[in-house]
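Colleague: Could you build all of it, start to finish, from the sequences and the hints given here?
Protein chains in written order, with the numbering used here: chain F, 6 to 182; chain A, 6 to 182.
In case anyone wonders, no lab produced these hints; they're calculated from the structure.
Incorrect hints may appear among the rest.
Which chain F residues face chain A? A few, computed with CB under 7 Å, are given here [stated by the list, open to error]:
{"no.": "1", "residue": "V56"}
{"no.": "2", "residue": "I89"}
{"no.": "3", "residue": "A173"}
{"no.": "4", "residue": "F178"}
C-beta: ideal position from N, C-alpha, C; glycine also.
Residue strings, one per chain:
Protein chains: 2
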Amino acid sequence: MNTLEAIFSRHSYRGRFKDTPVPREDLVTIMEMGLAAPSGCNKQTVSLIAVDDEELLKKLHSVIVPDVAQSAPAMICVLSQNIIAYRDRCFALQDYGAAIENMLIAMTDMGYSSCWYEGHITDRDRICDKMAAILGVPDDYELVCMLPVGIAEEPIVKPVKKDFDERAWFNGFGKKQ
Amino acid sequence: MNTLEAIFSRHSYRGRFKDTPVPREDLVTIMEMGLAAPSGCNKQTVSLIAVDDEELLKKLHSVIVPDVAQSAPAMICVLSQNIIAYRDRCFALQDYGAAIENMLIAMTDMGYSSCWYEGHITDRDRICDKMAAILGVPDDYELVCMLPVGIAEEPIVKPVKKDFDERAWFNGFGKKQ
Chain F
6 MNTLEAIFSR HSYRGRFKDT PVPREDLVTI MEMGLAAPSG CNKQTVSLIA VDDEELLKKL
66 HSVIVPDVAQ SAPAMICVLS QNIIAYRDRC FALQDYGAAI ENMLIAMTDM GYSSCWYEGH
126 ITDRDRICDK MAAILGVPDD YELVCMLPVG IAEEPIVKPV KKDFDERAWF NGFGKKQ
Chain A
6 MNTLEAIFSR HSYRGRFKDT PVPREDLVTI MEMGLAAPSG CNKQTVSLIA VDDEELLKKL
66 HSVIVPDVAQ SAPAMICVLS QNIIAYRDRC FALQDYGAAI ENMLIAMTDM GYSSCWYEGH
126 ITDRDRICDK MAAILGVPDD YELVCMLPVG IAEEPIVKPV KKDFDERAWF NGFGKKQ
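Modeller: Rendered as structure tokens:
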């Protein structure tokens, strides 16, 4: 797949996954792509934990209520550190936004599907903290996102998006080319 | 360039640009890639303005103090809206993080170089607000980032990054494969 095709055909997948395991080297490649993302002032605020152990996956899914993507043979948990870039500025959210997007594009290119599960686990019930405890994550890291990794079994549904002209302009706000 | 190669060879470029103009269709493609990024609850909080008009570029650079990337023949300004995804949750920062990363990867693939200028323009002196005023951006949008677009004239310097083992693990925090 070429780069632009991979970026353009990445879509959130919320269906069932095939039970084909994800080779360890593919998880390494996906995480390498995530860590290749830029970070504000190169603070490298993002860390990652790949989970492919069946028992551990079950344990993690037991605290994800309601559960999502439970059929995925692997997941990547995204950790973020609130490291100050300079003075009072911290770019940790943007950093992990970029790292997650890199991994989603890489997965699309490699034939995997995924979905950016953030709000679902970082809500008031703090599922993320329960997952972090299971994974032994220290207090100065926050588990902010869970990405399932697997091969889609069902068709991928594309969301409806606004037209290009409603969101992109030239040489001034609202100016069409 | 294949996808993983483009992701891996994207680097921030802060040197001089060649004066080769950026064709309008390339700016369209780059922005399409940006808008193809996911957004929390599909709120599409990101909008974009490409600038390739020479006079307008000069005007914008006159308010960027100290100036950066002034030799780039084009720039893309990233606008963000604080749209609530649900209840009190807003994912606007993560949304534009993903959109910017898409554009940076697309530019790398297409032979362009760029740099994520965010802190430089969103600091206490609020250069971003002066740029937004020049571009006629309404108050409910914030100009959060400027991406120069052009062909690098100088070598691209790669930043030093931590080793994979210090940021990525398997089946538990700090666990090597």
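Colleague: Hint by hint, note whether the structure agrees.
Modeller: For each hint, the structure was consulted:
{"no.": "1", "hint": "V56", "verdict": "holds (6 Å)"}
{"no.": "2", "hint": "I89", "verdict": "violated (11 Å)"}
{"no.": "3", "hint": "A173", "verdict": "holds (4 Å)"}
{"no.": "4", "hint": "F178", "verdict": "holds (4 Å)"}
Figure legend: structure checked against the earlier numbered hints; the only hint not met is number 2.
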